[in-house]
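**Student:** The task is simple: from the sequences and hints, build the whole structure.
Under numbering that gives the first Met the number 0, the first residue of the sequence shown is numbered 0, with each subsequent residue one higher.
Some hints here could point you the wrong way.
Cβ pair distances, simulated, as ranges [stated by the list, open to error]:
(1) P40 - R85: 31 to 41 Å
(2) G38 - G87: 31 to 41 Å
(3) G87 - A35: 26 to 36 Å
(4) S48 - A86: 26 to 36 Å
(5) G87 - P40: 29 to 39 Å
(6) C34 - L73: 13 to 23 Å
(7) L73 - G38: 10 to 20 Å
(8) A86 - G38: 12 to 22 Å
Derived by calculation from the structure, the hints in this document are not laboratory data.
Source: prediction; values computed, not measured.
Virtual Cβ for every residue (Gly too), placed ideally from N, Cα, C.
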Amino acid sequence: MIPPASPRPAHLGPLLARCRLARGWSQQRAAAELCAAAGVPTLSRHEISRWERQCRVPGGFWLGWLAVVLDVPLVALAEAAAATRRAGSTRATGPGRGAVAGERPTGRTGPGRTGGTTRGGGARIKTTR
0 MIPPASPRPA HLGPLLARCR LARGWSQQRA AAELCAAAGV PTLSRHEISR
50 WERQCRVPGG FWLGWLAVVL DVPLVALAEA AAATRRAGST RATGPGRGAV
100 AGERPTGRTG PGRTGGTTRG GGARIKTTR
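**Tutor:** Printed below as a string of structure tokens:
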């Protein structure tokens, strides 16, 4: 079990990376272990990377499984997740996700990338980053 480095809650990204590396796991291996434990086959290495870079913060479901798989107290992960959210180090992850003050919206606009419907009433275009 690897506790946070300091008495105050650490940010979640570095804590996750430290715990994963202490086990000698790649992000791919961590994702595979989480999928096997949770019985959810859709988590990828990319999501592990997003958590470690603090682009996203995992919710309660994944925090619980991270605690099991990484053998870290859930309370330590929950406190680190709360500290990360309070620090505002997560970027907006979609519409309605409260962007950090002063940050530009993440959607791209321009020809063919309106994010709305086509002028002729055709199919909706989904934009991604």
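**Student:** Taking the hints in turn, state whether each one holds.
**Tutor:** Verification of the supplied hints:
no.	hint	result
1	P40 - R85: 31 to 41 Å	holds (32 Å)
2	G38 - G87: 31 to 41 Å	holds (33 Å)
3	G87 - A35: 26 to 36 Å	holds (33 Å)
4	S48 - A86: 26 to 36 Å	violated (19 Å)
5	G87 - P40: 29 to 39 Å	holds (32 Å)
6	C34 - L73: 13 to 23 Å	holds (19 Å)
7	L73 - G38: 10 to 20 Å	holds (18 Å)
8	A86 - G38: 12 to 22 Å	violated (32 Å)
Comparing the model with each numbered hint stated earlier shows that hints 4 and 8 do not hold.
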